[in-house]
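Each chain, written out:
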Amino acid sequence: MTILHHPGDDLVLGYAAGSLAESWSIAIAAHLTYCPICRLKVEAAENVGGSLLGGLDAEAMAPSALDLLLTQIKGVEQNEPEKPRASIKESSPSKQLSILPSALQSYIGNDVDALPWQRLKNDVFQYLIETNDYEAKARILRIKAGRPVPSHGHRGRELTLVLSGSFEDELSKFSTGDLQDVAEETVHKPVAASGDGCICLAVKDAPLQFKELIPRILQPVLNI
Amino acid sequence: MAPAQEVSPDTRSDNDLLLSIAVTQCREAFSTLFQRLGPRVKAYMMKVGASPDVAEEITQETFVSVWRKARQFDQRKSSAVTWIFTIARNRRIDRLRKERRPALDPYDPLLVPNKIPTPLEELEQSSIVKNVTASIEKLPVDQRDVVHLSFIEGLSHQEISDRLKTPLGTIKSRLRLSFEKLRLSLGDSQ
Numbered sequence: 296m297t298i299l300h301h302p303g304d305d306l307v308l309g310y311a312a313g314s315l316a317e318s319w320s321i322a323i324a325a326h327l328t329y330c331p332i333c334r335l336k337v338e339a340a341e342n343v344g345g346s347l348l349g350g351l352d353a354e355a356m357a358p359s360a361l362d363l364l365l366t367q368i369k370g371v372e373q374n375e376p377e378k379p380r381a382s383i384k385e386s387s388p389s390k391q392l393s394i395l396p397s398a399l400q401s402y403i404g405n406d407v408d409a410l411p412w413q414r415l416k417n418d419v420f421q422y423l424i425e426t427n428d429y430e431a432k433a434r435i436l437r438i439k440a441g442r443p444v445p446s447h448g449h450r451g452r453e454l455t456l457v458l459s460g461s462f463e464d465e466l467s468k469f470s471t472g473d474l475q476d477v478a479e480e481t482v483h484k485p486v487a488a489s490g491d492g493c494i495c496l497a498v499k500d501a502p503l504q505f506k507e508l509i510p511r512i513l514q515p516v517l518n519i
Numbered sequence: 518m519a520p521a522q523e524v525s526p527d528t529r530s531d532n533d534l535l536l537s538i539a540v541t542q543c544r545e546a547f548s549t550l551f552q553r554l555g556p557r558v559k560a561y562m563m564k565v566g567a568s569p570d571v572a573e574e575i576t577q578e579t580f581v582s583v584w585r586k587a588r589q590f591d592q593r594k595s596s597a598v599t600w601i602f603t604i605a606r607n608r609r610i611d612r613l614r615k616e617r618r619p620a621l622d623p624y625d626p627l628l629v630p631n632k633i634p635t636p637l638e639e640l641e642q643s644s645i646v647k648n649v650t651a652s653i654e655k656l657p658v659d660q661r662d663v664v665h666l667s668f669i670e671g672l673s674h675q676e677i678s679d680r681l682k683t684p685l686g687t688i689k690s691r692l693r694l695s696f697e698k699l700r701l702s703l704g705d706s707q
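Residue numbers (my numbering), protein chains in the order written: chain A, 296 to 519; chain B, 518 to 707.
Hints are computed from structural coordinates only; laboratory data are not their basis.
For every residue, glycine included, the Cβ atom is placed at its ideal position computed from N, Cα and C.
Treat the hints with care, since some could be wrong.
Ranges between beta-carbon positions, derived for each pair [said to hold, decoys possible]:
no.	chain 1	residue 1	chain 2	residue 2	range
1	B	694	A	430	21 to 29 Å
2	A	353	B	647	14 to 22 Å
3	A	366	B	611	21 to 29 Å
Result set (BS3-like, lysine-lysine): computed pairs, CA atoms no more than 27 Å apart in a straight line [what the hints assert, rightly or not]:
no.	chain 1	residue 1	chain 2	residue 2
4	B	615	A	432
5	A	468	B	632
6	B	689	A	432
7	A	369	B	586
Build the full structure now, drawing on both the sequences and the hints.
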């Protein structure tokens with residue numbers, strides 16, 4: 296698997312800094328599963344945090360702080376380093392390995408088929424992910440092969456991470472692990488490629504402006 | 518495994534302290550590490566507006582996690598101070614921003630491994646932090662400021678733009694430029 300499309304460095308830095316809002320962070324954490332290049336960038340950026348933390352002026356701790364801490368760790372077991380988990384395949388032979396990276400499984404479980412999908416259009420379904428983030432929204436989209444995602448312009452930024460299958464827009468193809476990072480003021484028309492269609496994670500920071508009539512009417516109802 | 522128990526913990530590096538916490542559950546090493554970095558973690562919590570009491574509490578929680586997770590520390594992948602930064606950062610998101618921190622699971626069956634050793638893996642981790650520190654010091658003030666606001670004050674790029682009354686695009690390009698220089702200093706040219 297070669298990842299061709301990556302998030303902008305500003306997102307990678309924000310993720311490492313811990314200043315990126317939760318919904319965007321889900322997309323970055325999920326992309327990292329597929330992308331050694333971006334993992335390396337995050338590790339590099341985390342060293343900025345380490346360096347700056349080490350250089351902060353000390354704030355004196357309460358005199359009792361150390362005693363309190365030593366009392367707290369009394370009897371606290373140290374965790375073993377995590378071991379590679381047995382894949383889902385091994386534990387239940389009938390089940391396929393989940394297509395969802397762990398970062399997403401912690402929000403929506405491991406079975407996309409079991410999600411209560413909401414129909415957007417005939418061949419486009421969505422599931423909104425619950426977060427504590429008011430700045431951006433994350434949802435999973437499921438698009439049937441050859442069908443377009445409703446054509447839209449953006450008022451803000453949108454990230455689309457392919458989890459399964461692929462889609463194409465006017466310029467490029469996006470396969471599993473690829474993250475499309477679309478800036479403001481772009482109009483594009485992505486289409487799910489042939490085969491099994493496409494499942495992706497989409498994060499955006501402003502309501503999409505659908506150009507087609509029906510989705511625009513449904514927009515307030517579906518909260519998209 | 519015989520740790521260097523005769524050596525006074527005070528002279529040991531943060532990395533060595535963390536390793537002896539992991540290997541021998543050494544409370545002395547843990548105390549030294551806490552005395553060195555605890556006051557900095559507390560300062561880090563106060564930078565986002567936590568009161569001294571709350572900052573103290575989250576610092577305690579951070580170090581309980583350091584104790585509990587010490588065996589997960591991998592000195593080939595990270596230096597002690599960077600590793601502790603990531604734990605403190607995640608506690609801060611959880612406690613002060615009340616959001617969750619979506620994290621990569623290094624043992625995810627879907628994880629695509631590195632094919633070739635990366636420049637970072639070939640460098641000594643302790644020298645990485647030194648290089649990064651030197652590289653940050655060399656940044657122009659406007660770039661250093663946005664890096665600080667993002668990493669230490671925890672501001673989003675939009676919030677930095679509002680705070681400095683500077684367009685968002687300018688903030689992002691300052692961050693990008695500083696990141697490029699930083700990565701060059703680590704010998705990573707991708």
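Numbers of the earlier hints that this structure fails to satisfy, in rising order: none
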